[in-house]
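Peer 1: Residue-level listing of the chains:
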Amino acid sequence: MQKALKKYFPIFALPTLIAFVIAFVVPFFMGIYLSLCKFRTVTNAEFIGLGNYAKAFANKDFLNALLFTVKFTVVSVITINVLAFLLALLLTKGIKGTNIFRTVFFMPNLIGGIVLGYIWQLIINGILLKVVGQDIYYNPSYGFWGLIILMNWQQIGYMMIIYVAGIQNVPPELIEAAKIDGATTWQTLKSVIVPMVMSSFTICMFLTLTNSFKLFDQNLALTAGLPARKTAMLALDIYNTFYGRTGWEGVGQAKAVVFFVIVAVISLTQLVITRSKEVEN
Amino acid sequence: MKKKLVSTLLSAAMVSTMLMGCGGEASTEESNTDTQETTDEAADEAETEDAEAGEDTTASSEGGKVYYLNFKPEVASDWEALAASYTEQTGVDVKVVTAASGTYEQTLKSEVAKTDAPTLFQINGPIGYQSWKDYCLDLSGTDFYSWLTDKSLAITDGDGVYGIPYVVEGYGIIYNDKIMRDYFALADKAVDISSAAEIKNFDTLKAVVEDMQAKKDQLGIEGVFASTSFKAGEDWRWQTHLANLPIYYEFKDKAVSDAQEIELTYGDNYKNIFDLYINNSCTDKAQLGTKSVEDSMAEFALGKVAMVQNGNWGWGQISGTDGNVVAAEDVKFLPIYTGVEGEEGQGLCVGTENYMCVNSQASEADQQATIDFVEWVFNSDEGKAFATEKLGIVPFSTFTDDEKPSDPLGLEVSRYMEDSALTSVSWNFTAFPSQTFKDELGYALLDYCNGTADWDSVTTAFVDGWKLEKEASAE
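Quick note, the sequences are listed as chains A and B, same order. To convert, note that position 125 of the first sequence is 125 in our numbering; the numbers rise steadily by one, no gaps. To convert, note that position 218 of the second sequence is 1218 in our numbering; the numbers rise steadily by one, no gaps.
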């Protein structure tokens, strides 16, 4: 069995490998090259060096988008994880109808970002117009909190499932032992459950962090950056740069490369930090 | 320990896939799923009739094929039917692909990079030409160009002709004459004219509009003007079409067709008309951000408002609205008056943003086949029937008078164009620096409507934005 697996491994891996190279590796390196070029289409690029990067950093839209993205990421990572963890705790207590609740909470995750964006835009506008007589484009903070609500609604269910799996894997004898030692519920949670589900934290933090940073569909559908690009996140800004001006394709590409480096650094740092807190089972 | 190593590797692989996913998307733009593709049935016989080839063109279309990247989704199926019919008659393979609404540039960018690139595509004017000039073939020797009734409409560079307009459009203020007649029949109206046709300048327009707004309950309307739509991507009527007027007059004074910097000498006129729109509308100023063009056309079609600024392409939207109460004979155009001296002689804004270009990097046989196809479209009975019905006002001498469009707005545009007492306003917005410029202007206008910024910021976005964007695009 083992031998046969070894023998056929390359054959089975090859199609995926080829697809991966064509769809990811090649465009990635092409992208880095293009960020150093002035180009109209990807086939008629002319090398110009680092000029695109200079323009990208001098562009105030890019820095505004970065700031907005960071703010959004901080808030959404905290709210999503805290709420998802609380829900998970609640739904592992054996309440009646647990399975139904889990399904219900998971469902928003199955709807695409663009659709969600438009639906939430209708809901939020409906409320805002009634209550304050303005729409979501009136004030950037409406857009900000709209995005937070939307992302929480969409992602909590998914993260909750991961936490539920983690919590269910905590050996019952550990909790029992803690109880016998006289630990309160809070102490059990803090000193037994949380350390035991640290690996779930790693995954959820990673997912929420990268998802928030790379957010595009929801941002485009909910506010499209209005008012005045004040709610545009990095991915949307890159897209706008690419198509907003003649001759700025290279700048958009340079922004994309910078974006890649930022996301990679942040998510790898986060992985290393939360990993080090995990305990071996 | 081994388990840990494996999981670290796995997560590393996950990071790279996710990130490369987005890196790739931004760089190649290959994954455009929005295009509808129609490849015609195999028709690749080598015998191709060269019937339509112009005598002044030397190359042969033998074995050539045509690939047209269509801009207008609303006529996609008509182009496809036309292409199929051409293939049947001549054996030349014609492929028509339509870019989804608002994605033409993106689609063109990715399609042109392919081996099987479009041989026929369109650009939106001088700015579009700047970005696609490496791909535009000189069409000066073609019959297609010689048929153009007004040669000044074409995009030229030196001696070459690189883009030929295939449809002319006009815009202005569309009004519902029934509501206007109701108003002029009122005993207590505040103006002394008796029909909308007598509105000849901004002062009269303003007096009529403001009085109508005050008497809106009597007239059974919710406001005079339809919503000034500012939803994302729906603000082109203001930041492009309306913004054309001050630029038109400024360029006219300076006798130029483009400029690196502008002064916005007619900025107050721009404000005049914009204020009139937003203050006499069926929608509160602070809520315009939720409105789309379709919303405002529907408001007009349902008789809730008397006027809406749009072009002759809007007839389809009006007549297609469920519960449309506007009769075809009541739909009329009024020029956009802004309070400029001598505007009594101003006509509609007439021009084009649709220029056909032939891909200069395609093979010679393909180029010739493409030119033959285009000439067939605008010179055969079948093609002309399609053009009159689906495209609108076509500026070619091959079309006779009874081959002009018959929809009410198209007729109105023709009427204004033929009135020798009036001068049409040209479309100078084709010289606007970039999409970013238009977007920023739109944002400033929305902030002004919302009351979060004053008119100065609109002026700044217009004047400074123009300069900045011209510089940015020139590099």
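Derived by calculation from the structure, the hints in this document are not laboratory data. It should be emphasised that the depicted structure is a prediction, and the values quoted were computed from it without experimental measurement. In this text, a Cβ means the ideal position worked out from N, Cα and C, and glycines have one as well. Among the clues, some could well be false.
Cβ-Cβ distance ranges computed for the label pairs, FRET-style [what the hints assert, rightly or not]:
#: 1; chain 1: B; residue 1: THR1452; chain 2: A; residue 2: VAL21; range: 48 to 56 Å
#: 2; chain 1: B; residue 1: GLN1260; chain 2: A; residue 2: TRP145; range: 22 to 30 Å
#: 3; chain 1: B; residue 1: ASP1268; chain 2: A; residue 2: TYR118; range: 33 to 41 Å
#: 4; chain 1: B; residue 1: ASP1203; chain 2: A; residue 2: VAL261; range: 57 to 65 Å
#: 5; chain 1: B; residue 1: GLN1260; chain 2: A; residue 2: THR43; range: 46 to 54 Å
Peer 1: All hints are to be evaluated individually against the structure, with a verdict given for each.
Peer 2: Hints and how they fare:
no.	hint	result
1	THR1452/B / VAL21/A: 48 to 56 Å	holds, 50 Å
2	GLN1260/B / TRP145/A: 22 to 30 Å	violated, 42 Å
3	ASP1268/B / TYR118/A: 33 to 41 Å	holds, 38 Å
4	ASP1203/B / VAL261/A: 57 to 65 Å	holds, 59 Å
5	GLN1260/B / THR43/A: 46 to 54 Å	violated, 31 Å
Checked against the numbered hints above, the structure violates hints 2 and 5; every other hint is satisfied.
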